[in-house]
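Colleague: Here's the letter readout for the chains.
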Amino acid sequence: MTAVLEVRDLRTEFNTRAGVIRAVDDVSFTLKRGEILGLVGESGSGKSVTGFSLLGLVDPPGRITGGSIRLNGTELVGLPQSELRARRGKEIAMIFQDPIATLNPLLTIRKQMMMALEAHQHMTTKAAETRCIEVLQRVGIPDPAARIKAYPHEFSGGMRQRVAIAIALLHDPAVIVADEPTTALDVSIQAQILHEMRSLAAETGTAMIWISHDLATVSSLAKRLLVMYAGKVVEEGATGTVLRDPRHPYTRGLITSLPAIAKPGEDLLQIPGTTPSFLSLPPGCPFAPRCESAEASCDKMPETAQSDERMWRCHYPLGLSGPDPRGAQQ
Amino acid sequence: MTAFFRIDRVSRAFAPEITLGDRIAAKLGARVETRSLQAVNAVTLELAKGETLGLVGESGCGKSTLGRVAAGILPPSSGTVALDGKPVLLNGRKATTRIQTVFQDPFASLDPRMKVGETVAEGPVAHGLVSQAKAGEYVSEWFARVGLDPAFAGRYPHQFSGGQRQRIAIARALAMKPDLLICDEPVASLDVSIQAQILNLFLHLRRELNLTCLFISHDLSVVRHVSDRMAVMYLGRVVEQGETAQLFETPAHPYTRALLASVPKLTLDDEAIVHFEPIEGEIPSPLSPPPGCHFSPRCAFVQERCRREAPELREVQERRFAACHFSESLIEQGSSDFKGFDR
Ligand SMILES: Nc1ncnc2c1ncn2[C@@H]1O[C@H](COP(=O)(O)OP(=O)(O)OP(=O)(O)O)[C@@H](O)[C@H]1O
Ligand SMILES: Nc1ncnc2c1ncn2[C@@H]1O[C@H](COP(=O)(O)OP(=O)(O)O)[C@@H](O)[C@H]1O
Ligand code: SF4
Ligand code: SF4
Ligand SMILES: [Mg+2]
Ligand SMILES: [Mg+2]
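Going line by line, the protein sequences match chains A and B.
Here the first sequence stands for residues 1 to 330, where the numbers follow the working numbering.
Here the second sequence stands for residues 331 to 673, where the numbers follow the working numbering.
The reader is advised that the hints may include incorrect statements.
To be verified - Here are the simulated DSS-like pairs of lysine-lysine, each with C-alpha atoms no more than 25 Å apart in a straight line:
1) K416/B <-> K379/B
2) K507/B <-> K379/B
3) K507/B <-> K416/B
4) K379/B <-> K424/B
5) K379/B <-> K263/A
6) K507/B <-> K445/B
7) K111/A <-> K90/A
8) K357/B <-> K149/A
9) K357/B <-> K111/A
Just so you know, the hints here were simulated from the structure itself, not pulled from any lab data.
Please read all numbers here as calculations on a predicted model, not as lab measurements.
Just chain B, with the same shape it has in the complex (with noise of 0.2 Å):
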């Protein structure tokens, strides 16, 4: 059986990017990178028809790279990505509108000249998915699915709220009838109570249109809640991937564990005293990653074996891919404590 949606041992490289702290290091002399960066390094993931994936990391370890190489928008170094068998690049360029996006700050991905009726239009009329004559009835129709009032197709971005503008980039993408929904952190700039908000409109619409999705986020407690399996990212490679629930129950692998452990939990014991189990050391360069596993320079279970061969992604259990030398004995040894309320 094909997967409905592969990215297959896709990677993506980077020229070193000149900073303006490079620029300064560099006029004080100081030695300045040029060594290429590994930003994504043989990732394989597969998602079924209807399935939403979560996709978590820290900052810096690959999500968004690897999401836009997934949307078609970024050309992959090496690998192949392919939707119901067809691949979603042809000749280096995006050969499908059956994939589309969601990005965090909506305020940079709308036009800000165009009405916001004309922007969530333009896709659908351009592709004929409906005529410009009926575009005014569309729009008010996604508008309203969406929770927008319709009358407000004539406004500009900027009249928008961040949540609305949010409903709005979210009309835009269905609006041209994916099949393929990516999301890159899509409500990490929205307060709670509109994070809400919009989790519920993104939970309902996915329902209701059996939407396959591709779920960025850093916030594990968001991706626990909208994702069927989830794909734990560091230093540019999956070092997990599982289904949500046992995923949080019984991490497979130290970093995911660790992860876990380091998100603040709501405390609603007055006298508790919260035991924070901090990750040791920094999240190594992925300029310099160090070798034989990356985690191993952080890792609390790090054996001799682990600093000279890097493990590879393999299955630990039945749908269950981690890549540690140990996964098994972590996985005997038990659950996390990974809940909401801190009891």
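In isolation and in its complexed conformation, chain A is listed as follows (with noise of 0.2 Å):
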């Protein structure tokens, strides 16, 4: 299969009074045509500021500050604001967790698709409408022809994320980067749309980036996974295999935090500390006072290490004797 999307050594910093945000430190990833890929990793890692970086849509203090991003074949690190902008919507495009921050509160539904559209495409307004009807009935949204009459308000939380997708899906764009897309939604209505950006990804060939914190939602949704921590991948590979048998201590600390795999009621096998300020990260691996494998040589920032299709980035990789995801626990 083809990439439509390959990053390499990307890095966004941000200057601020207090020193340097390197948000996005040396991430690297391929993205091919229909994949899902996920990305994630706790609050603060730089998850947002990837998707943001390969939009073009970091403001200042912020800015990319080296490295690649090839959209089918095109690099767009270094494209002129305008051209960015011509791209963005229609080769690739964003959904945020919170639709109320992509959508007008003042403007009906259509009038905001219909904007959409012709910042793209001349089209007669007969052909326009029609064609944002097709995307409304592409997403669940119920009687779309009327309904898309409506005001954002007039629309649930799960509603105006759909609406968001929507405009997302607009010109059938080659890569879709979803930003928690279903963090503010109860998990009936996560379900459903699971259950159709999947089947959205199969049937119209587009790629999508999967951002989350949920290891559980990304699993069920991602062949791949990416693992960040403090700005950088620590850990990329197959979901399954990179759940059952992480290399990365803290990939396997954010899997027996979780509850929904220990004994009710038995001690979860935490991660100790907080995550770092990007202002005082330690000298080597960004983990290592967290971690319980960290040895002296964990001042020195571990290079990332490869083989069967998957990738590391620590000086004393787990389970390369076998999988174990949780000792005895299982």
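Hey, can you piece these two chains together into the complex? The hints should help.
Modeller: Dropping the structure here:
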């Protein structure tokens, strides 16, 4: 399969008064047509900034300071804003956690969708409206021909998110970056949307980057998984493989922290301590202060290691002698 | 035998809330609802001493409202709440310090201008649990118990992370030596790794202090982990109640069953195609609940009778309660597949 998106050594920094925050640090990955890639990590690990970087949406004091983003073979890093804007929404689109941020409360859904369409394409009003209704139908809005005339506040949270997804789909983009799109929704609505997004990716060939802090959601959707910590990808691989047999101690800690896999009432195998501030990262491996496997050499930054289509960034990777996500627990 | 803590046929209605959306809608000429909203509808729950009852349900189903009524913070429209046989509310005011609360957003519940040590000491000193002279020592003791450095007592809330603030909120509640702790989404805004730390802390202290606890959460795996029994709410009513393990194993209400099926599971098989079974439709507005069984428009098991006749919450098995006409046959059909792992 062909790669629609190739990201190499991406770096995004924020120049703040307190110092430079490198929110995205040497991030690399490849996304194939129709593939759903999961991007997980705790809050502040750089997931959203990675997503914004891909769309050229990082605002000052932030900027991309290195690396490459190739979308369908075209290099995006360094392109002028006008050219990025021409691609945004058309070839690559983003969905946010809060659809309110995407939708204008004062305009009807129809008006907003028509504007989004006309930004990239000249169509007759009739054809444009037909297209809008078609995508609304696609994301499960009942009676779209009538509902398109409504205002955002007339929709529930789940329906608003569907409208935001519909707008992202208008131009059949090659890539959709979905940043925690179901985090604010109830589980019953989340299940509907996960179901629809997966069939969308399969039917339209649109590739997706699914950003979430929830391993369970990502694992039920994404074939491949990236785990971020303090701006770096610390592990990558096929989702099930990584979750069954993590290489990085942080990935393991995330899994064993989940009450879903523990025996009720028993202690969870927690990660001690808290996420470090970007302004006072330890000299070597950023996970070292919380890591049980840390040794003296961990004060040097581990390079990425690769084998069997997976990648990790740790001096003392786990499990090379056998799978063991939770020791004696299972 | 009277229960240690009893919520008896509690209902709570609210006058309609005018939101920004409503105001825009009204400007644009739309009709805006003016009926009152039944947030909690005739709920009865009992807790034995030392027991943790988990309360689950989707957004807006009335969990927090019920939690606030149970805590004596919000008066019910009707019904009573009693701890050890004594009413929690007297003349519309909370009449006991034996019930304490921990909420989702510890930042909102801590006074930003007060040193956190003072926040923890305030209640116990005011109620004579400890003298002003001994307050510092008492605070240090509680800080240590919740895993905070006692040297932090002189700092302000903004100097702490979310997880640390939740530890402070727990210390403040427990320093009052409560018999009943009401937790409303205490880990919902925390990262997974911090959530695990707080859940461990909660489990330890609960055991140590023999706490009775009402634990509200929308996260089923969290509730399964901490609670002995649980209650499931839908549109202001309890639709099912029973022992946690049993309820996960063989749900007796179609809503519980569908809810369990909706939760994404950790999938460990690379080739697995996860089969989602979403519940159809949306939660109806509590302003205009459907006739008969409130779940009927979305229920996979719906029959003609359900649209006419609202099912009462009844004992469908020993210590199992459900509000569905057909719970028995649902139990017979057997187990749900709710597991953390989906191998
Ligand atoms: N002060 C209030 N005034 C008007 N309506 C209210 C008020 N508080 C709650 N409600 C309404 O009562 C219903 C139940 O709300 P409640 O906060 O108890 O839900 P919840 O189950 O805790 O939801 P969540 O999971 O989102 O916290 C909702 O429809 C809500 O909008
Ligand atoms: N506009 C900004 N100015 C300064 N720092 C920022 C800005 N936006 C994000 N950051 C920092 O970048 C880091 C990564 O943030 P983010 O990508 O939003 O995390 P995540 O989405 O993983 O929760 C955080 O430390 C955050 O504070
Ligand atoms: S490099 Fe060292 S400190 Fe970092 S995760 Fe690996 S073992 Fe732990
Ligand atoms: S009473 Fe009928 S509609 Fe209601 S939950 Fe039971 S089967 Fe479904
Ligand atoms: Mg984010
Ligand atoms: Mg609530």
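Colleague: Evaluate each hint against the coordinates.
Modeller: Here is what the structure says about each hint:
{"no.": "1", "hint": "K416/B <-> K379/B", "result": "holds, 15 Å"}
{"no.": "2", "hint": "K507/B <-> K379/B", "result": "holds, 15 Å"}
{"no.": "3", "hint": "K507/B <-> K416/B", "result": "holds, 18 Å"}
{"no.": "4", "hint": "K379/B <-> K424/B", "result": "holds, 21 Å"}
{"no.": "5", "hint": "K379/B <-> K263/A", "result": "holds, 23 Å"}
{"no.": "6", "hint": "K507/B <-> K445/B", "result": "holds, 21 Å"}
{"no.": "7", "hint": "K111/A <-> K90/A", "result": "holds, 18 Å"}
{"no.": "8", "hint": "K357/B <-> K149/A", "result": "holds, 16 Å"}
{"no.": "9", "hint": "K357/B <-> K111/A", "result": "holds, 19 Å"}
Violation of the numbered hints given earlier is absent; every hint is satisfied by the structure.
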